[in-house]
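So the sequence lines, in the order shown, correspond to chains A and B.
Heads up: the first sequence is residues 0 to 229, going by numbering that gives the first Met the number 0.
Heads up: the second sequence is residues 0 to 165, going by numbering that gives the first Met the number 0.
Bear in mind the hints are in silico, worked out from the structure with no lab data behind them.
Quantities reported herein were computed from a predicted structural model and do not represent experimental measurements.
Incorrect hints may appear among the rest.
[Stated by the list, open to error] Calculated Cβ distances over 10 Å to all of chain A for the following chain B residues: (1) D129; (2) R133; (3) R147.
[Unchecked claim] Below are the EDC-like pairs computed for lysine to aspartate or glutamate, each with C-alpha atoms no more than 20 Å apart in a straight line: (4) K101(B) x D28(A); (5) K158(B) x E134(B); (6) K9(B) x E10(A); (7) K55(B) x E4(B); (8) K15(A) x E159(B); (9) K106(B) x E12(B); (10) K30(A) x E4(B); (11) K101(B) x E9(A); (12) K225(A) x E117(B); (13) K31(A) x E12(B); (14) K113(B) x E155(B); (15) K15(A) x E128(B); (16) K30(A) x D34(B); (17) K25(A) x E4(B); (18) K106(B) x D28(A).
Positions of the beta carbon are idealized from the N, C-alpha and C atoms, including for glycine.
Next come the chains, spelled out residue by residue.
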Amino acid sequence: MNDLINNNSEETDELKSLWHSQKEDKSYDSKKIFKMIHRKSINSVQWLFIISLAELLLGLVLTVWSYFSGGHYYLNSSIQLMGEANIQKLETFSNVGIVFSLALIGIIYYYYRKISSNSSVNMLIKNIIQFRRAVILCLVLIVVILLIVMFPIYFDLGKNIAIQNAMNRTDKVVMSPEDLKTASDAAGWIVAGSATIVIAVFFFLYYFVIYGFFLRKLKKNQKELKEINR
Amino acid sequence: METRETKFTKLIEDNQGIVHKICRIYTDSPEAHEDLFQEIVLQLWKSFDSFQGDSKFSTWMYRVSLNTAITLIRKKNRTISTSSIDSEPYFDVKSNEEDEEKQERLKLLYASIKLLNEVERALVLLYLEDLPYREIAVTLGITEVNARVKMNRTKEKLKEIMNRNR
Chain A
0 MNDLINNNSE ETDELKSLWH SQKEDKSYDS KKIFKMIHRK SINSVQWLFI ISLAELLLGL
60 VLTVWSYFSG GHYYLNSSIQ LMGEANIQKL ETFSNVGIVF SLALIGIIYY YYRKISSNSS
120 VNMLIKNIIQ FRRAVILCLV LIVVILLIVM FPIYFDLGKN IAIQNAMNRT DKVVMSPEDL
180 KTASDAAGWI VAGSATIVIA VFFFLYYFVI YGFFLRKLKK NQKELKEINR
Chain B
0 METRETKFTK LIEDNQGIVH KICRIYTDSP EAHEDLFQEI VLQLWKSFDS FQGDSKFSTW
60 MYRVSLNTAI TLIRKKNRTI STSSIDSEPY FDVKSNEEDE EKQERLKLLY ASIKLLNEVE
120 RALVLLYLED LPYREIAVTL GITEVNARVK MNRTKEKLKE IMNRNR
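Bound-form chain A, shown alone (with noise of 0.2 Å):
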């Protein structure tokens, strides 16, 4: 064994003698190999893109039911406690959700398509990293553009419902037009907080689970591409 490591052009010599006994292993045949391509199978990038495909699905779906449900979907208590400006820019920013979410895919298709397993080890490991980057720039914008959007309403929506409290109330104590302001106000803050909250953690929970088990799979290659380029 020392001949094998000691010299150094003897050693690699010697190393590629080694390598080349061994037997060419020819243990499928034409059949089994033509069995192996028909066989179905999908990567964690294939994954990423089928998720984000399937949810922007999902969005069309919804938005094509609500004009076929006559336009509205909102019950009519939750008009008059949201204000119907706000039920029409809530109906806005779907149609624009929609428009955006289908830009946004094809960003991840562009980054998508790039992926190729022809290219060199270098390129598809930047590229893959390129794919991650964009998913996860783009599900960062969809939560942010969000809850720019529902802050508002939501303020909105708490400020009605503590107004609409407080001319509801039968006993005779009558609030100033200040102490009502404060009340609705602190009101509004709460409930659009609580909201900011909720929609945060779901969308954290979600993504995190869904998109954060393929997307920790794929993080493994910058570890790889520091070292090729090292």
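Following the hints, position chain B against chain A.
For chain B alone, coordinates are given in the frame of chain A:
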């Protein structure tokens, strides 16, 4: 008449030794070997259209197979988690009187290669397979100079591992 599928299966049947060697350095059980082999064949089939014929079939095969082994397929059961040198080999040597000794040396070589990181394993494989540095560089997507520097570094590392475990 030769269809695209029969042409492909014939090419894989004739060149399957390459895929088996890659599976051996990236897996540590016959089940994981078979699993990775099937995934590589599937990826080769999916990329077969992009094989232009301007490079050798074997060169293209190394690229797609290594990409599949390193990046696209990750399964826990094929991760080398141990630093042990005693993992069982899944190879055979050409028959002659030195069989047993060669088996032992090959076992040490494979076990040592498995202690390298995934990119270093690819480098060593391409080197042992006698690919010129230009092709090694193209396969890995680095410069030829970088390939030589990395190879020297990796050979030193492999030597150290083998010395430690002989």
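*Could you tell me which of the numbered hints above are not met by this structure, giving the numbers in increasing order?*
Violated hints: 1, 4, 5, 6, 9, 18; rest satisfied.
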